[in-house]
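Novice: Listed below, chain by chain, are the residues.
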Amino acid sequence: MPRSSWTQRLEPYLMLAPAGVWLFLLLILPTLMIFQISLVPDIKPGDLVNPSSLGNYLEIFDPIVLWIVARSIGLSIATTVLCLLLGFPVAYWIALLAPRRWQNLLLLAFVLPLWTSSLLRSYAWISILRPTGVLNTILSFLHLPTLDLMNQLPAVLIGMTYSLLPYMVLILYASLEKLDRRLLEAAADLGAKPLEAFLQVTVPQVLPGIAAGVLLVFINAIGDFVNPELLGGPSSMTAARLVYSKFLGASPDWGMGSALSALLIMFVTLSIVLLLKYGDKNARTL
Amino acid sequence: MDSQQFGSTDKGLPPGLTRRSRRRFLQQAGQVALGLGLTQGLSSCGWRLGNVRSGPVKASSDELFLYTWAQYVDDDLLRDFQAKSGLKTIRELFDSNEKMIAALQAGKGDSFSLLYPSEYFIPKLVKAKLLAELDHDRINGLNNLMPQFRRSIADADNHYGIPFAWGTTGLIYNQEKVSDEIQDWDYLWKNKEKLLRKMSLLDDYREVIGFCLKTLGYSINETQPDRIKEAYEKLSRLKPFISSFTTDGWRTKLAAGDLWIAMAYSSDAIGLLKENPKLRYIIPKPGGTRWSDWMVIPKSAPNPNAAYAWMNYLLNPEVAANVSQRLAVTTPNAAAIPLLPSELQTNAVSYPPPDIMARCESMTALTPEAEKLYAKYWTQLTS
Amino acid sequence: MPPTSPKLPKLQISWQAWFTGLMFSFMYLPILVLAFYSVNESAVSAQWTGFSLKWYARFFHDGRIQQALLDSLKVALGSVSIAAVFGTLMAVGLSRYRFLGRDLYQNAVYLPLIIPDISIAVATLVFLAAISMPLSMGTIVASHVVFCLSYVSLAVSTRINSLDRHLEEAAQDLGATPFQSFRLVLLPQLFPAIVSGCLLAFVCSMDDFLIASFTAGGGINTLPMEIYSRIRTNLTPDLNALSVLLILASAFAVLLAEFIRYRSEQKRAI
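Protein chains in written order, with this note's numbering: chain A, 131 to 416; chain B, 95 to 477; chain C, 7 to 276.
The hints are simulated quantities; they were obtained by calculation from the structure and are not laboratory data.
In this text the structure is predicted, and so the values were computed from the model without any measurement.
Please note that the accuracy of each hint is not assured.
Said to hold, decoys possible - Anything over 10 Å on all C-beta distances counts as not near chain B; from chain C, calculated:
hint, residue
1, Q22
2, F25
3, F66
4, L83
5, A259
6, E264
As the list claims (entries may be wrong) - Pair ranges (Cβ atoms, derived):
hint, chain 1, residue 1, chain 2, residue 2, range
7, C, S58, A, L277, 24 to 30 Å
8, C, L59, B, Q439, 39 to 45 Å
9, B, P462, A, L277, 42 to 48 Å
10, C, R64, A, K407, 36 to 42 Å
11, A, D172, B, A250, 29 to 35 Å
12, B, R173, A, F191, 53 to 59 Å
13, C, S58, B, K288, 34 to 40 Å
14, C, K60, A, N234, 36 to 42 Å
15, A, F191, B, Q439, 55 to 61 Å
16, B, A428, C, G144, 42 to 48 Å
17, B, K368, C, W54, 24 to 30 Å
18, B, P432, A, D172, 48 to 54 Å
What the hints assert, rightly or not - Covered, in the sense of this in silico footprint (three residues per stretch, anywhere, with C-beta under 8 Å from a C-beta of chain C), are these stretches of chain B:
hint, region
19, 159-167
20, 177-190
21, 200-209
22, 343-350
Glycine included, every Cβ here is placed at the ideal spot set by N, Cα and C.
The task is simple: from the sequences and hints, build the whole structure.
Specialist: Printed below as a string of structure tokens:
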């Protein structure tokens, strides 16, 4: 069949160029620009971008900003640990213990709340956690002491864990589902106690899945804006919130905001690279 | 990893295509990069961070975009204005002057035909060359305004703006929860343990640092660095006991009992006091701020005609009286006051007695250095 | 836990089942709370004050929130349809051709899912400032296409990898042009993946607050921007009714996507 050679030659471009150009223009190039702007101190709209100093990065080493960054990392670690502790038994039960034909449905049901608006989920947590909210109404009905969590880090932690738990369960499930059950049976036959078998047989097999889940939750936690913003109080500034306020807040400083944003990108990329290097190839399924 | 799969793909194509496409792809990518000045930028010849602008709103002349505070516009007002002028109004909300100008500079500016900055903020907008001068020939009823709003320091002769509302800043509290008669701002510091996370302050650094300066016996427009620092240090002692810094979010929380005491603008307080007799609004000693919010037309306004129509509509004494009553704002329109119900005319929150007004101070624009200092301490307070 | 369980494994089962049940209630608690408030007479009280549909009535008379919903739908539909075409082409192209920088290209597709939203939002704003592009609804769509591309192309790529390439080759051997074979052979097989990728992208676009608020021109308000501003200004009760309706809509979308995926898997199994 005769095919004109120029259409043939054009075909790869027609397929790859639109998306490629789009990604380049609206993702790669802007990210490079952020890195450049972060090197211009005190930049204002209309200024020439002439990367000249590390001043904006030095501002990050102000103790206050460092403290904010440390808080972000701490919150993300706490969220990740909580998600792992809460998510593992759930994924384990759905993947290994629940009736087989219900597994898919159970998993779907568990992650369904993920598909509701993240702002509205935080809003729901405000209704629950505020001093006269649902939680305290129930507690006082049961004659238990009430809890004061709203506008503080615990509320932020609850909101973030709630938002990210489904991700953790999804990834752990994918990993646990592939578990070789015969190994478990063999361990039991050889007289291993359940805990022993769990630690020495199950955990090593799902370690790549755990690593992938931890990474996914961690990078999402570090970039979370909505939960700290809506559930936090006067002492729950995080890096993502600070970047936002450096652009749309009361004292804008695009240069410093860009520097912080560049650091966020580098930090996240570094975590991924480390995982790919030292973790299992399974993480690629991310 | 998928080489086999792709090997089979190559079979269907004339040899050499992939290599050629590779080169072409690179060339193309290079051209795009060049065209965008990326390479220039990377070799630090520099590109310019342009002004972000907002796209021209549909060129229709029967639409008016407002940028205003949450409380100043409601659906009834928009409907009534549309019925009278035929103009459809769309509103966007902000909750502090600083955030408004940040949003304008981040590209939201060009669609708005009318902004509602505070009086002290007008000079800053003028300096940023954002405002258009008003054409007084197109405005009816300027003389209805109270005299102090005709010769404001920030905008003498209403060169750039027309006041819409004014009021004071004070404390609103729930008398059921806070039984003491609050007299002064220092009450917050003295009872901070009892009020742990039951109090909120405004999300506005001029107001918050300003009232704290006042408690120290300084002016709310203080520019001396050591005094500003003193106020910051005093505030940072209160901060761990505060629920949040919020301009609008305290209202329902106060009604629900989540908050007992909130720093508030009088205009927000009036409406709540009507609904809830347990609440009380005071201007604590040694005094608060006296503020006013104005309507101005940005230079880039897509529809200044509509903006003038809106100003004239609100300058009408009857409309002003209606708005003042329904939205619970205090009007600067002297001609509107006689049209108000008498209990509103004598309302001490809307129109405080002269001895209390004497305690209040008007905000003025700060020097850029002082402003930076305020902003710096504010970042520290809110993080 | 019954202390007299005969065997250890049984005990384990009940422990994990209980815990999973607890976690399920954790996941659904906020949604139940929203549903509870949406039909509760009082907006502020945490106690039941009587059944009422007035918040739903108010929601349906709230022109502002409907306008925001409309804006969001426009943005999501616009960006998803662009991403559906370009993303599918990209995934197919990536599977067909090898070229220098292919790995780089492929990795760039993952970037929008890895880089925090706030960084993407800020970078896009800076880029738009640099080229002095006025902000509008178009700029939101353009920036949403970026992450929509990722979802679509990842879904399609996964599907392509599990496909039989020989079918397409056979079609070409039988005289179909590459375009014909693409349209008649490949596309129908990719269709379920495209749909589920699009649904995912659609939900994410409808949910995006940060990128939209940085790239929206004045006067344009997407639903998340409107919700955010309402939560910040006042805890307005209309939001409860809105949440319940949105949750139902997204649950429907997700189940639909799952159903399409299930059907296509069944078809393949036959």
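Novice: Between R64 of chain C and K407 of chain A, does the C-beta distance stay in 36 to 42 Å?
Specialist: violated (55 Å)
Novice: Is the distance from the Cβ of P462 of chain B to the Cβ of L277 of chain A consistent with 42 to 48 Å?
Specialist: holds (45 Å)
Novice: Regarding P432 of chain B and D172 of chain A, is the given constraint of 48 to 54 Å on their beta-carbon distance met?
Specialist: Holds: the Cβ-Cβ distance is about 52 Å, inside 48 to 54 Å.
Novice: Does the no-contact call for Q22 of chain C survive, Cβ to all of chain B over 10 Å?
Specialist: holds (37 Å)
Novice: Is the nearest Cβ of chain B still more than 10 Å from the Cβ of A259 of chain C?
Specialist: holds (29 Å)
Novice: Would you assess whether F25 of chain C, listed as outside the interface, keeps its beta-carbon beyond 10 Å of every beta-carbon in chain B?
Specialist: Fine: 32 Å to the nearest Cβ keeps F25 of chain C off the interface.
Novice: Between the beta carbons of A428 of chain B and G144 of chain C, is the distance compatible with 42 to 48 Å?
Specialist: holds (47 Å)
Novice: That 34 to 40 Å hint for S58 of chain C and K288 of chain B (C-beta), does it hold up?
Specialist: holds (37 Å)
Novice: Check the following: the C-beta atoms of F191 of chain A and Q439 of chain B are separated by a distance inside 55 to 61 Å.
Specialist: holds (58 Å)
Novice: Under a C-beta cut-off of less than 8 Å, do 3 or more residues of the region 177-190 of chain B approach chain C closely enough to confirm the stated coverage?
Specialist: Coverage by chain C holds here, the residue count being 4 at a Cβ distance below 8 Å.
Novice: For the range 24 to 30 Å, tell me whether the beta carbons of K368 of chain B and W54 of chain C fit it or not.
Specialist: holds (27 Å)
Novice: Taking the CB of D172 of chain A and the CB of A250 of chain B, does the distance hold inside 29 to 35 Å?
Specialist: With a Cβ separation near 32 Å, D172 of chain A and A250 of chain B satisfy 29 to 35 Å, so the hint holds.
Of the numbered hints stated above, the single one contradicted by the structure is hint 10.
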